[in-house]
Amino acid sequence: KQEVTQIPAALSVPEGENLVLNCSFTDSAIYNLQWFRQDPGKGLTSLLLIQSSQREQTSGRLNASLDKSSGRSTLYIAASQPGDSATYLCAVPSSGGSYIPTFGRGTSLIVHP
Amino acid sequence: DTAVSQTPKYLVTQMGNDKSIKCEQNLGHDTMYWYKQDSKKFLKIMFSYNNKELIINETVPNRFSPKSPDKAHLNLHINSLELGDSAVYFCASSQDLQNQPQHFGDGTRLSIL
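Taken in sequence, the protein lines are chains W and A. Residues 1 to 113 in this note's numbering are what the first sequence lists, from first letter to last. Residues 1001 to 1113 in this note's numbering are what the second sequence lists, from first letter to last.
Chain A with its partners taken away, still in its complex shape (with noise of 0.2 Å):
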């Protein structure tokens, strides 16, 4: 069984679109986070929900909104998406906020035309 799975693997779509990222686990982690690896795989958190709560919430535009319906998902919505949102993102969890370690997905790979 996968602990963390994202999907889709893949999104290719055009400027101006608006999509989504779903993540899910199964690890019965109290925390979620969202990262943003760039094309120099640079790796950098973009939000963290502990408890369905927002706790982390790093400068990243607007038009990225976390969504966590339950503990054990937590969604991303972008909207009006732009080509320097291309790269890799990926969904991980722990146990809490303090007591790593993290899991990760597999990353979903967007490319924006």
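Next up, chain W with everything else stripped away, as it sits in the complex (with noise of 0.2 Å):
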């Protein structure tokens, strides 16, 4: 059964640092990984998605590694801004070949101006 887990469950920081936050996972054999932000009292918003085949996604301030044979991904987030606050949640497979996500409770951002 796969299992998720992200590191650290919070974190604050001041404007203007540059984060990294943690997703590991138990079972290596997936497809693809999913990174989402959750704002308070909304639903989830995809930011990057990294196929199996793929080392690492890049969206403007934003870059997700994945290394399926550790079974790590780590998001960085650069130059982070007060906006960026959110919770930050990473979802894989539930095992090699399923379709149905697992997602990992999040890392749970503040960044103070």
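Keep in mind that the hints were calculated from the coordinates and are not lab data. Don't be surprised by glycine CBs; every beta carbon is placed ideally from N, CA and C. Hints are supplied without guarantee of correctness; some may be wrong.
Sample of chain W residues facing chain A (criterion: CB under 8 Å; computed from the structure) [as the list claims (entries may be wrong)]: (1) Pro8; (2) Ala9; (3) Tyr31; (4) Asn32; (5) Arg37; (6) Leu44; (7) Gln54; (8) Tyr76; (9) Tyr99; (10) Pro101; (11) Arg105.
Hints in hand, dock the two standalone chains.
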């Protein structure tokens, strides 16, 4: 059974810092990994999707990497801003070949001015 | 235009009642999902439909019955509501089962009195 762990659970930083959020998973037979952000009272917004054949994806100040063999992904946020404050979740298929996504419990990020 | 819309946004009702949550997506996606997010913010998939057919049915009590009248709609009916059903329910859609990313609605906050 796939287990997804996100570290740290919470993070509070001053504006401008570069951040690294971590996601680890137990079953490396995945076909993709997805990072989301969730704002309070809202649904999830997809940030980046990395296919199993890829090592990283970039979108603006966000960069996500994937190391399948070690069961890890990192989300790098450059030059953080208060608007980045949200909960960040990663999701992977629950097991090899499965379509059932398993989510981590998220990293709650606060960026203060 | 809202891509994935759910109604109602809030639902407060008493134990034992039957209620429905509606979901519609205007993205032309083939796959739709229902998720439950508990009080600890843990997100877990409940159901997935692909082209109106049930694909994923996780260990959900049979009091929960999804219905997909067409590809753009996936409704969730809940019978005999229990206190433990209190949560936020999210609808989501994706192009297909493999080709994520998923697009989420803003959620329906269900409170059982």
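What are the numbers of the hints that this structure violates, sorted from low to high?
1, 2, 5, 7 and 8
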